[in-house]
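S.K.: Put together the whole structure using the sequences plus the hints.
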Amino acid sequence: MEQMISLKNVFKYFGEFRALNDVSLEVAGGERVVVCGPSGSGKSTMIRCINRLEEHDDGEIWVNKNELTEDTRNIAQIRKDIGMVFQQFNLFPHLSVVDNLTLAHMKARGLYKADSTDLAMTYLNRVHIPEQAMKYPAQLSGGQQQRVAIARSLCMQPKIMLFDEPTSALDPEMIKEVLDVMIELAEEGMTMIVVTHEMGFAKKAADKVVFMDEGEVVESAPTEQFFSQPESDRTKLFLSQILTH
Amino acid sequence: MAIKTGRIAALRAKRKRNSIITDTFQLIILGGGLIWLLIRGAAEMHYVWQWHRIPQYLYKVIDGELIFGPLIDGLLVTLEISVYSIVLGLLIGLVTAFLRLSDSYSGKLLATVYLELVRNTPLLIQLFVFYFVLGPIFEIDRFWVAVLCISFFEGSFAAEIIRGGILSVPRGQTEAGASLGLSRAAIYRYVTLPQALPIILPPLAGILVNLIKHSAIVSVIAVFDLTTSGLDIISETFMAFEIWITVAAIYLLITISLSVVISRFERYMKRSTLAG
Ligand SMILES: Nc1ncnc2c1ncn2[C@@H]1O[C@H](COP(=O)(O)OP(=O)(O)OP(=O)(O)O)[C@@H](O)[C@H]1O
Ligand SMILES: [Mg+2]
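Chains as they are written, first to last, in our numbering: chain A, 1 to 245; chain B, 1 to 276.
Read the hints as simulated data drawn from the structure, not as lab findings.
Be aware that a few hints might be false.
Selected chain A positions facing chain B (in silico; Cβ < 7 Å) [as the list claims (entries may be wrong)]: (1) Asn51; (2) Leu53; (3) Arg79; (4) Gln88; (5) Asn90; (6) Phe92.
Just a few of them, taken from the derived set where beta-carbon distance is under 10 Å, the chain A residues facing chain B [said to hold, decoys possible]: (7) Met84; (8) Phe86; (9) Phe89; (10) Leu95; (11) His105; (12) Arg109; (13) Arg152.
Quick list of the computed label-pair ranges, beta carbon to beta carbon [what the hints assert, rightly or not]: (14) A:Glu67 with B:Arg267: 52 to 58 Å; (15) B:Leu258 with A:Glu214: 56 to 62 Å; (16) A:Asp118 with B:Lys270: 35 to 41 Å; (17) A:Met121 with B:Val260: 42 to 48 Å; (18) A:Phe14 with B:Leu76: 55 to 61 Å; (19) B:Leu79 with A:Ser168: 54 to 60 Å; (20) A:Gln77 with B:Lys270: 38 to 44 Å; (21) B:Arg184 with A:Glu67: 19 to 25 Å; (22) A:Phe14 with B:Leu79: 49 to 55 Å; (23) B:Val129 with A:Arg73: 41 to 47 Å.
Quick reminder that beta carbons are idealized off the backbone N, C-alpha and C, glycines included.
M.R.: As structure tokens, then:
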């Protein structure tokens with residue numbers, strides 16, 4: 001499989017603070033990678049660098065054969081290839097669900113409303129909430145909102161999906177409905193990087209698990225191996241903490 | 001339970017009735033006191049009231065045709081200045097807010113210098129600078145000097161209100177827009193501004209009231225607004241009390257009716273954002 005995403009010796013600083021320390025990561029097309037690690041370890045920073053919500057200070061980031069540079073055309077191309085789902089959903093509260101899905105189509109790609117709405121309904125069907133199309137985000141449950149957010153990203157037909165703790169803001173009874181949608185997506189062959197502490201999801205859907213600590217990739221291994229025979233002591237400690245929860 | 005809520009409602013209604021009565025009472029005392037002071041003051045000065053001469057300065061009817069007097073003419077000029085200034089001031093405010101929020105260093109610097117200058121010097125001095133320095137250089141007549149000066153003054157307040165409104169929209173909204181591939185301009189237009197508007201509009205409407213009051217200052221460069229007309233009539237007739245009271249009443253009438261419209265509008269905005 002060809003490389004879809006490739007980070008080579010990436011560094012990122014917030015002032016003096018080094019948030020990413022020599023991070024390298026390879027993700028092949030169709031591969032599903034789960035990223036875990038303690039709070040403040042740089043997981044969000046890493047995936048936010050991939051679609052330029054943060055700017056990396058050193059190293060190279062390649063997405064679908066494009067190198068991420070200052071060039072705005074380059075950034076636009078890379079964002080076209082990548083969809084992102086946030087912990088806090090970030091739906092547009094002033095727009096109905098269907099308008100949340102069609103906005104970027106119509107304003108960034110110049111699609112007509114009718115075509116755009118058809119596409120939006122297709123994706124709302126895929127996350128199993130077509131009946132909520134005319135509601136506003138505030139009228140939906142957290143799980144429904146996150147599924148709308150997933151549909152909104154899918155609508156732009158990305159090649160890669162980034163998830164930053166998509167279930168952390170959800171009540172326990174809603175986590176499953178979101179994970180189920182993500183598992184379906186994985187089964188369809190989407191390239192995914194998922195920051196999550198849901199180890200059940202990792203075991204079920206991930207090809208590879210990456211453990212980060214203090215801005216570094218401490219361990220990166222195929223899922224099976226990651227859980228059965230972790231190499232680093234830090235990984236073992238983290239796993240013992242998170243699995244006993 | 002039902003009885004209890006009924007009693008509370010009754011109590012509340014009673015309290016409201018009481019507060020209306022005390023409010024009215026206070027208003028009568030206050031208003032009566034002011035009028036009494038005014039009459040006493042005038043009496044001390046052996047002032048001769050000539051209210052019957054006032055209407056002619058508001059309007060005249062000649063051959064069955066209604067003709068505005070100088071006070072109404074002045075009011076029209078005040079309103080004209082206000083309308084031009086609010087449009088221009090909003091534009092200046094919007095541009096300044098965007099400059100301050102931009103990444104451009106010189107843009108930020110320009111906006112900050114403008115804001116600091118305008119907000120830390122007296123309006124009167126600004127008016128003189130516009131009138132004596134910029135007016136002759138750019139050959140602007142006094143009406144437009146007045147409009148420009150007031151626009152820049154109120155624009156500085158508008159800028160901070162607009163900037164605050166935009167900053168109140170969570171960063172995640174912009175990030176979601178960017179990750180969907182929307183351009184910066186599209187994010188502003190379709191994501192940020194629609195959410196900032198309900199927060200920006202009420203205080204912005206308040207600026208309109210201020211603007212009308214502040215516009216009185218243009219009398220010092222002899223633009224024939226309401227205040228200048230009042231001054232003019234007084235210098236001819238020496239009816240200071242009657243004219244000033246009339247002029248104040250006209251300003252009050254305009255600003256109070258504007259405030260009523262604004263608070264209606266605020267309630268409407270609140271309701272529509274709650275529904276959304
Ligand atoms: N905009 C910023 N300015 C300054 N420091 C930041 C900024 N964003 C993140 N950091 C710091 O960088 C470090 C890594 O943050 P990051 O959000 O990537 O961690 P994380 O692994 O996603 O943690 P969490 O599990 O809590 O989400 C943290 O110490 C954080 O305080
Ligand atoms: Mg994070």
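S.K.: State for each hint whether it applies.
M.R.: Now for the hints, and whether the structure bears them out:
{"no.": "1", "hint": "Asn51", "verdict": "6 Å, holds"}
{"no.": "2", "hint": "Leu53", "verdict": "5 Å, holds"}
{"no.": "3", "hint": "Arg79", "verdict": "5 Å, holds"}
{"no.": "4", "hint": "Gln88", "verdict": "5 Å, holds"}
{"no.": "5", "hint": "Asn90", "verdict": "4 Å, holds"}
{"no.": "6", "hint": "Phe92", "verdict": "6 Å, holds"}
{"no.": "7", "hint": "Met84", "verdict": "4 Å, holds"}
{"no.": "8", "hint": "Phe86", "verdict": "6 Å, holds"}
{"no.": "9", "hint": "Phe89", "verdict": "8 Å, holds"}
{"no.": "10", "hint": "Leu95", "verdict": "8 Å, holds"}
{"no.": "11", "hint": "His105", "verdict": "9 Å, holds"}
{"no.": "12", "hint": "Arg109", "verdict": "8 Å, holds"}
{"no.": "13", "hint": "Arg152", "verdict": "7 Å, holds"}
{"no.": "14", "hint": "A:Glu67 with B:Arg267: 52 to 58 Å", "verdict": "54 Å, holds"}
{"no.": "15", "hint": "B:Leu258 with A:Glu214: 56 to 62 Å", "verdict": "59 Å, holds"}
{"no.": "16", "hint": "A:Asp118 with B:Lys270: 35 to 41 Å", "verdict": "36 Å, holds"}
{"no.": "17", "hint": "A:Met121 with B:Val260: 42 to 48 Å", "verdict": "45 Å, holds"}
{"no.": "18", "hint": "A:Phe14 with B:Leu76: 55 to 61 Å", "verdict": "58 Å, holds"}
{"no.": "19", "hint": "B:Leu79 with A:Ser168: 54 to 60 Å", "verdict": "56 Å, holds"}
{"no.": "20", "hint": "A:Gln77 with B:Lys270: 38 to 44 Å", "verdict": "43 Å, holds"}
{"no.": "21", "hint": "B:Arg184 with A:Glu67: 19 to 25 Å", "verdict": "22 Å, holds"}
{"no.": "22", "hint": "A:Phe14 with B:Leu79: 49 to 55 Å", "verdict": "52 Å, holds"}
{"no.": "23", "hint": "B:Val129 with A:Arg73: 41 to 47 Å", "verdict": "45 Å, holds"}
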